[in-house]
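Enquirer: Chain by chain, the residues:
Protein chains: 2
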Amino acid sequence: MGKDSTKKSERDIIEYISNLLALQADRDLIKGIGDDCAVFRKDNKSCILVTTDTLVAGVHFDLAWHPPLLLGRKTAAVNLSDIAAMGGKPRYAFLNLAFPGSAPAWLDDFLAGFYEMLQEYDTHLVGGDTVKSPNDLSMSVTLIGEAAEDEICYRSGAEIGDFVFVSGFLGDAAAGLSLCQSGLSAGSSTPWQQLVKAHLDPLPQVKLGRMLADSRLVHAMIDISDGLATDLAHICTQSRTGAEIFKEALPVSETLRAAAEKLKSPIFDWVLKGGEDYKLLFTVSPDHEKDLQRRVAKQSGMEIYPIGRIIEGRGVHLCSRERRQNISYQGYDHFIG
Amino acid sequence: MGKDSTKKSERDIIEYISNLLALQADRDLIKGIGDDCAVFRKDNKSCILVTTDTLVAGVHFDLAWHPPLLLGRKTAAVNLSDIAAMGGKPRYAFLNLAFPGSAPAWLDDFLAGFYEMLQEYDTHLVGGDTVKSPNDLSMSVTLIGEAAEDEICYRSGAEIGDFVFVSGFLGDAAAGLSLCQSGLSAGSSTPWQQLVKAHLDPLPQVKLGRMLADSRLVHAMIDISDGLATDLAHICTQSRTGAEIFKEALPVSETLRAAAEKLKSPIFDWVLKGGEDYKLLFTVSPDHEKDLQRRVAKQSGMEIYPIGRIIEGRGVHLCSRERRQNISYQGYDHFIG
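Residue numbers (the numbering used here), protein chains in the order written: chain A, -19 to 317; chain B, -19 to 317.
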């Protein structure tokens, strides 16, 4: 990372730090940078998972339309989702708040929402920090979880031939954000409620993540926070594989199609690049594709969708009847600059 | 915390959250909010320690005089100091950065300093987050450490009659900050180098913390980040005791006295309320006072200073020949509003 460069993405900085760390060795450290959580050994059988995220007002959320209670829930949810993505059980949370001036009136609701979401996943708020800032409101969350060492699902385990699955509709949250930005989200009778909720109040798929890890059929897993195109590229990069996904196989809700028409937005920008879906994206040997679908349906009543394959080579390719295009890393990026 | 209140201190918010958490129970959680670190069980013998802090430009540091390399070192040091305060061994660090615009040119130096300080204490940087912010530069660090369960030093263990010790000069860092603010810090030949260094590049007393924990003679411990008056009040509140400290016994450097004269500043504002000393403050049974002093001197060559006693009642009292005054919580507070 040269001093003369003017624009760096989050990826550049992570890569720079990763290089700095390449020579590190530690007997208990199983996974450092490069996955949803860092992983280190707890005892003979189990591991500690740690994830941390910072959310900044005006960048990651907008209080103009985000009710404080739901923002609190979401702040917890996005971190719980990182634990879900490794197949872990969340245990302890830390919340750092920075805001200008006096404690804002909505802080009670925010904290109540944060706490409520943690409780739904049996997670304890055990520490944090509260500081003044000159201008920006931000929150940093650290979440600590646990998992059996031999059940943890890394990004790096995908194998050539694996089926790529996703655990729910894509793009709803991105569409919900567009609706909020367009002022079309208000009122409980809005036809867009499902989309707006996906943006304002996403649910982390912790139970599904544990079920998938427990099945031991999943080779690689990640949660979709930056969009399918970017998050599948993370799996491919870490696994040294490529992937192709089939446009017609992507699970898209009817409501999303209607919203796309209303807003005159291209559906697949939301579906591929929108981000914040917080669904799980994972790969499974083709021998176990049907078995896993049945198992998930039976245990949770949820549907999981096969959307593509892990292939040799590099990059994520979107295939449709008309064409095949490389869409790697075209998702949302916390772009700096 | 009512919505109508207009000013809240960090303490108010922590108290509010603590009340929220009072009913929580978790078999592995040994200490939640209310100490330098959260503590939870790792295995039969040892515990995981977790601390997290947010630093914001213009509130916690000023790049006008803080060289990026030293700021990186200090960002790691203030968190390492929290692990030291429990008698723990630091293991893993997470760094979240938020800044506006492009990655600033000084980021390389900042990261090099952060990394350097971690390495000095055998700690690995294993994760984090990098995000854009509209205005403010901030960093949140999470540090994970380890300690034997029966060696951990909490704030809550002080006993009536204990001697109160501090592990070095007080007030140097606060004086250093004043010198930087007054433009008197420049040049390597400045007579104030010791004070300026105490502000810009404090060293966490990790080895001393481990030695004190290992001695098993320490009843309560904290690091001085908010100033003696506040941090001793934390020990008293958690231990349900009072304390008195003797003005004449407080370790004050000659350089500090000279700087106070130069800047026409009251010395004891720096010594009692300045904060950011990052020395250890701890209590010891009077039976072991001399023993511990000898042990520390022999093992580390360092001096530790008895400055007062733990007493019945409440509050921290400063005693001098002239008077006795309650100085509880008069230290630095990340005051909100």
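Just so you know, these hints were derived from the structure itself, not from any lab. Treat each hint with caution, since some may be false.
[Stated by the list, open to error] Chain B is faced by these chain A residues, among others (derived, beta-carbon under 8 Å):
#, residue
1, F20
2, D23
3, N76
4, V111
5, S113
6, N115
7, S120
8, I124
9, E129
10, E131
11, M191
12, S195
13, L197
14, F226
15, S280
[As the list claims (entries may be wrong)] Below, in silico cross-link-like pairs of lysine to aspartate or glutamate (DMTMM-like), each with a Cα-Cα straight-line distance of 25 Å or less:
#, chain 1, residue 1, chain 2, residue 2
16, B, K11, A, D102
17, A, K25, A, D6
18, A, K11, A, E126
19, A, K22, B, D194
20, A, K25, B, D249
21, A, K11, B, D194
22, B, K11, A, E292
23, A, K69, B, D6
24, B, K22, A, E283
25, B, K112, A, D249
26, B, K11, B, D130
27, B, K112, A, D181
28, B, K11, A, D23
29, A, K11, B, D130
30, B, K11, A, E283
31, A, K227, A, E292
32, B, K25, A, D23
33, A, K22, B, D130
34, B, K22, A, E292
35, A, K25, A, D8
36, B, K242, B, D88
37, B, K227, B, E129
38, B, K22, A, E126
39, B, K22, A, D249
40, A, K187, A, E283
Values in this document were obtained by computation on a predicted structure and should not be read as measured data. Heads up, the beta-carbon is just placed ideally off N, CA and C, and yes, glycines get one too.
Enquirer: Hint by hint, note whether the structure agrees.
Expert: Verification of the supplied hints:
1. F20: A:F20 check passes; min Cβ-Cβ to chain B is 6 Å, inside 8 Å.
2. D23: Check passed: Cβ of A:D23 comes within 5 Å of chain B, closer than 8 Å.
3. N76: holds (4 Å)
4. V111: Given a least distance of 5 Å, the restraint on A:V111 holds.
5. S113: OK, holds: A:S113 within 8 Å of chain B, min 5 Å.
6. N115: At 4 Å from the nearest chain B Cβ, A:N115 passes the 8 Å test, so the hint holds.
7. S120: holds (4 Å)
8. I124: holds (7 Å)
9. E129: violated (14 Å)
10. E131: violated (19 Å)
11. M191: violated (23 Å)
12. S195: With a closest approach of 26 Å, the A:S195 hint is violated.
13. L197: Because about 27 Å separates A:L197 from the closest Cβ in chain B, which is outside the 8 Å limit, the hint is violated.
14. F226: This hint is violated: A:F226 lies away from chain B, its Cβ roughly 32 Å from the closest one there, beyond 8 Å.
15. S280: violated (26 Å)
16. B:K11 to A:D102: Cα-Cα ~17 Å, so holds.
17. A:K25 to A:D6: holds (18 Å)
18. A:K11 to A:E126: holds (14 Å)
19. A:K22 to B:D194: holds (22 Å)
20. A:K25 to B:D249: Since the Cα atoms of A:K25 and B:D249 sit roughly 52 Å apart, the hinted pair is violated (cutoff 25 Å).
21. A:K11 to B:D194: violated (30 Å)
22. B:K11 to A:E292: violated (49 Å)
23. A:K69 to B:D6: Distance of about 14 Å is within 25 Å: holds.
24. B:K22 to A:E283: violated (36 Å)
25. B:K112 to A:D249: holds (22 Å)
26. B:K11 to B:D130: holds (13 Å)
27. B:K112 to A:D181: Holds, because 22 Å separates the two Cα atoms, which is no more than 25 Å.
28. B:K11 to A:D23: Since the Cα atoms of B:K11 and A:D23 sit roughly 20 Å apart, the hinted pair holds (cutoff 25 Å).
29. A:K11 to B:D130: Violated, at roughly 29 Å.
30. B:K11 to A:E283: violated (40 Å)
31. A:K227 to A:E292: holds (19 Å)
32. B:K25 to A:D23: holds (11 Å)
33. A:K22 to B:D130: holds (18 Å)
34. B:K22 to A:E292: Violated - the C-alpha atoms of A:E292 and B:K22 are around 41 Å apart, more than 25 Å.
35. A:K25 to A:D8: Status holds; Cα separation ~12 Å.
36. B:K242 to B:D88: violated (36 Å)
37. B:K227 to B:E129: violated (35 Å)
38. B:K22 to A:E126: Distance of about 11 Å is within 25 Å: holds.
39. B:K22 to A:D249: Not OK: B:K22 and A:D249 at ~45 Å, beyond 25 Å, violated.
40. A:K187 to A:E283: OK: A:K187 and A:E283 at ~14 Å, within 25 Å.
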